[in-house]
Amino acid sequence: MSVVSTGSTNGAVGGRLSPLTGALRQLDYWTTFYLRTWKGSVITSFASPLFYVLAMGVLLGGFVHAPPSQLDGATSYLDFVVPGLIAAQAMQTAVGETTYPVMSGIKWQKSFYAQLATPLETRDLANALLAFTLFRVGSTCGVYFLVMAPFGVFATWWGPTVAWCATMLTGMAFATWTFAFSAHIKSEASFGLIFRLGLIPLFLFSGSFFPISNLGPVGETVARLTPLWHGVNLTRMFCLDTVDRPLALVNTVVLLAVFLTGWYVAIRTLRKRLAQ
Amino acid sequence: MPDLAADSLIRATGLRKSFGELDAVKGIDLDVRRGEAFGFLGPNGAGKSSTMRMIAAVSPVSGGDLRILGMDPAVDGPAIRARLGVCPQEDTLDNELNVFDNLYIYGRYFGIPKREVRERAEELLEFVQLTDKRGAKVEELSGGMKRRLTIARSLINRPDILLLDEPTTGLDPQARHLLWDRLFRLKQQGVTLVITTHYMDEAEQLADRLVVMDRGVIAAQGSPLDLIRAHSTREVAELRFPVGDHDATAEKVADLGERIEVLPDRILVYGEDGEQVLEEVHRRGLRPVATLVRRSTLEDVFLRLTGRTLVD
Chain Z
32 MSVVSTGSTN
42 GAVGGRLSPL
52 TGALRQLDYW
62 TTFYLRTWKG
72 SVITSFASPL
82 FYVLAMGVLL
92 GGFVHAPPSQ
102 LDGATSYLDF
112 VVPGLIAAQA
122 MQTAVGETTY
132 PVMSGIKWQK
142 SFYAQLATPL
152 ETRDLANALL
162 AFTLFRVGST
172 CGVYFLVMAP
182 FGVFATWWGP
192 TVAWCATMLT
202 GMAFATWTFA
212 FSAHIKSEAS
222 FGLIFRLGLI
232 PLFLFSGSFF
242 PISNLGPVGE
252 TVARLTPLWH
262 GVNLTRMFCL
272 DTVDRPLALV
282 NTVVLLAVFL
292 TGWYVAIRTL
302 RKRLAQ
Chain Y
70 MPDLAADSLI
80 RATGLRKSFG
90 ELDAVKGIDL
100 DVRRGEAFGF
110 LGPNGAGKSS
120 TMRMIAAVSP
130 VSGGDLRILG
140 MDPAVDGPAI
150 RARLGVCPQE
160 DTLDNELNVF
170 DNLYIYGRYF
180 GIPKREVRER
190 AEELLEFVQL
200 TDKRGAKVEE
210 LSGGMKRRLT
220 IARSLINRPD
230 ILLLDEPTTG
240 LDPQARHLLW
250 DRLFRLKQQG
260 VTLVITTHYM
270 DEAEQLADRL
280 VVMDRGVIAA
290 QGSPLDLIRA
300 HSTREVAELR
310 FPVGDHDATA
320 EKVADLGERI
330 EVLPDRILVY
340 GEDGEQVLEE
350 VHRRGLRPVA
360 TLVRRSTLED
370 VFLRLTGRTL
380 VD
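Going down the list, the sequences are from chains Z and Y.
Here the first sequence is numbered in the numbering used here, starting from 32 and rising by one per residue.
Here the second sequence is numbered in the numbering used here, starting from 70 and rising by one per residue.
The shape of chain Y in the complex, shown without the other chains (with noise of 0.2 Å):
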């Protein structure tokens, strides 16, 4: 029976994911909670993707303990997918039907009866701003709006649980911003969220929670306030001198923060105050092409734990 009384929605324990040699997920534990949004944060090849589609039961889990509303994938599948909502990183809408059919059949899978269907349909068109895009073709819509209708289509079973594999990934910032306030609301609306992304911006607009992912294991979890914090510093110092001179540069400056990164087109300086490293740095004659002071953000969390950036 489901375990219903638990507010744990996905539970996974030392979850693993295999593709004959390759390991995309070493071992993870997961513990998501009936409405927070979760996000996975990391490169592209971290295994988000892998440990999406073993929560979307359809992948079978290679080892580990895996739960998803209380139920097993390997036994409930049809069961959890009932009450999934699932938004992939590919549009795979039906170019064959119209914008409103694609949401219309899509609630018959769930079997769903028509005349509900039907109204639900027309309010996640409302809901996505899609409403005057009802006739049209899928073909017809811009990339932003073939997400939205995505988004539309996997609520249409009114989901426990939705499920975003890297939902604003080629899009423009607009309609990024168009589709993060769409997910905001819906969190308000008290939907629990799972988002991969690999952008760092998107995870602290959305998540309450995350885990950062990096080579199928997880390298830290916590909110993003939490992980800056433990991870970095208040604030950050970037500068840019002329191409080469960085290697011999980085060490006239190594003291000035709590730690310094060298990155293929900048310094990043890490400090409580941006500003007063930037005023020791002219100070020791040095004439940086360009500076920036900014605060910490998931990026520099993720390059502590890694070494690495995480669009490469």
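Just chain Z, same shape as in the assembly (with noise of 0.2 Å):
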């Protein structure tokens, strides 16, 4: 067997690689990791957010007897609690695959040095994991949605099309900024923040289980500064069609504008982290 080069005929190609590039090379591992990994991920992506639902929308909304001018729309409290579940099940997502395993890349495995020492740069790196985080986010969303559709809970047949889209655009405002944040910190203990004092008060207190006029005036104000309400709000709208053109500008752009500057922190904070 001969192992030496011959030359240029490696079949590498020199060069800095295209973003698209970069992330596709990266495609067969992650297939390969999630036909490994799916069946872990079932229970808290598929079942969990059903239970949910199912105690609730349906149990305890059993007991919410309430006009639809208070629940922004909505006939029931099951229609009302469904898209905020699903726009905060979106969060979750994204918040889990940008963790542990950015964490795993730099301290554990230290995978992202091995794929360093190929043509790939921390940029490719960083975008294939949050492009596979999009996926996550997509079809859990995605399932969620589809599920939900015979309960009978959505308006319209397009309005949870978009409103999927909104969910996704939502995951990726947390992932990129929790992947940042994962690419920044020294030990786990840490995520330990992102989960008590992020996840949980925004899961509780950002419009998923009731409107945020509930809260008084000035718990609205600061409820209405995080990213999920934005994307809690767009989510509802589209699905009840209760759709407010101008809000859903602001909620988008928002959304948007978070996704984006994570991005760019989250590329920036790997590299500098990876790179001595």
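By construction, these hints were calculated from the structure, which means they are not laboratory data.
Please note that a few of the clues may not be correct.
[Said to hold, decoys possible] Facing chain Y, from chain Z, some residues (calculated, C-beta under 8 Å):
hint, residue
1, Ser49
2, Thr63
3, Tyr65
4, Thr149
5, Leu151
[To be verified] In silico SDA-like pairs for lysine to any residue, Cα to Cα no more than 25 Å straight-line:
hint, chain 1, residue 1, chain 2, residue 2
6, Y, Lys215, Z, Thr68
7, Z, Lys217, Y, Gly114
8, Z, Lys138, Y, Val286
9, Z, Lys70, Y, Asn164
The C-beta atom is built at its ideal place from N, Cα and C for all residues, glycine as well.
Take the two lone chains, each set in its own frame, and fit them into one complex as the hints suggest.
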């Protein structure tokens, strides 16, 4: 067997890769990774959300008898809570994919270092992991929407389709900033901060379970500043067909801005961490 | 444009690397030629790994000039890395993937077509004698097997230069010899090897030419034999006396060789004929607990140049 190079015919294209090529060269990795691990993600991604719908939407919601005017236009609590739960699921899935997997690449398995010994660059590693996160958010929320459709919680067929895109945007807004945080911290103990001070308060107080007007004027203003509220509101408006166009535009612009700045910061932070 | 005509694959002039206040590499000159096995010998913290990471085009150069395959790593990083094989000090294998997939996936990062990378992966498994572990999880492999898999992975792109950072650290003797055998075969096939090690036997076994590094600078360079000839004697007599007697005894044997070294556990007497040194020691009425006559090694060169042993 010969392993020695015969000059330029080593199969690699020289020079800097385009962002698309850089990400595509990792497609086989993420496909293999997903095929080996998808079973483990089924419970957290698909079963848990349905338990929430059953417990909160159907069983707890059975005690809630509020007029549509108090439920952002929803005719039942189930209709109200489902879009909120899906948007919150987008956040949780995105955070899950950008915490431990990033820490693993840097600290535990150090797979990022192995990848950087190839023509790939930091940017490519971040993009591929974020693309995989988008796939995970899209598939998880997509299944959620499909399962909920027969329950009659959606006003139109096209509304949930747009709402699905809104959940992906919501997820990516969280994914990029969480990625940046994970690439910055030295110890996984810091993830406790994200989960306890970030995810749980956002999950409970960003309008997923009740209209934020119930929080009082100050609480409502604070809630409107959170990215999750923008995601929940956008998703809900399209699901219930109660779209306020200027507000939808604001929600979209805010989420896009959070996503894009986070993307920039994530790549920068990872580059700083890995280049020694 | 890459300067392919030049026979010099790695050329460094005044190469420096700093981490804040710490100067890890303090201006070294290197010239690694095609087909040779080049070694960096030195203790931990000598600057070997920092140099390797700059050569691997993953760590920015702090000063001086570095050309790899005729290219500048600051500009042509991806193009350089496409033609390098890197076997890092720590195993960075992917535990989520099996043995074969570790090779296959890595090959895909280089953009090698699927069919070709499959063929190469099978060939390389054969080469590192891991074919029967093809479907095994990485976690099931022994330390030596993981190292061999890492070496196979570093060869998937058929590199012009293979960089090996402390390739056998932490391996048992049998695993080391198996690995040396594989590296020797690569050398015979014409792969340019660059190896860092703090084991002098490894450097002697594998390197055609080496530099001795200490505290960020090159203390000496040449072939192992040249270095031994230039900086040591043909033989060494090692004398072990009861604990605490070494300093007092050293004076009594100081004139027996060209020079002596007093270590915490033994005295080394450097001379052309070690047996003759031992005879004289006994004639003077000295009774060492243990003695050994051996040829000079790179360890002695290092001791001479730096006043310290390689493995502290």
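Verification of the hints:
1. Taking 8 Å as the C-beta cut-off, the interface hint given for Ser49/Z is violated, the closest approach to chain Y being about 11 Å.
2. With a least beta-carbon distance of about 6 Å to chain Y, the hint placing Thr63/Z at the interface is held under the 8 Å criterion.
3. Checking Tyr65/Z against chain Y by beta carbon gives a least distance of about 10 Å; that is not within 8 Å, so the hint is violated.
4. Interface restraint check for Thr149/Z: the shortest CB-CB distance to chain Y comes to about 4 Å, inside 8 Å, so the restraint holds.
5. Given the 8 Å rule on beta carbons, the hint for Leu151/Z holds: about 6 Å separates it from the nearest Cβ of chain Y.
6. Distance check on the hinted pair: Lys215/Y and Thr68/Z sit about 23 Å apart at the alpha-carbon level, within 25 Å; holds.
7. Among the hinted pairs, Lys217/Z with Gly114/Y is consistent with the structure: their alpha-carbon atoms are about 23 Å apart, no more than 25 Å.
8. Restraint check for Lys138/Z and Val286/Y: not satisfied, since their Cα atoms lie roughly 30 Å apart, outside the 25 Å limit.
9. Using a Cα cut-off of 25 Å, the hinted pair Lys70/Z and Asn164/Y holds, with the two alpha carbons roughly 17 Å apart.
Against the hints set out earlier in the document, violations occur for numbers 1, 3 and 8.
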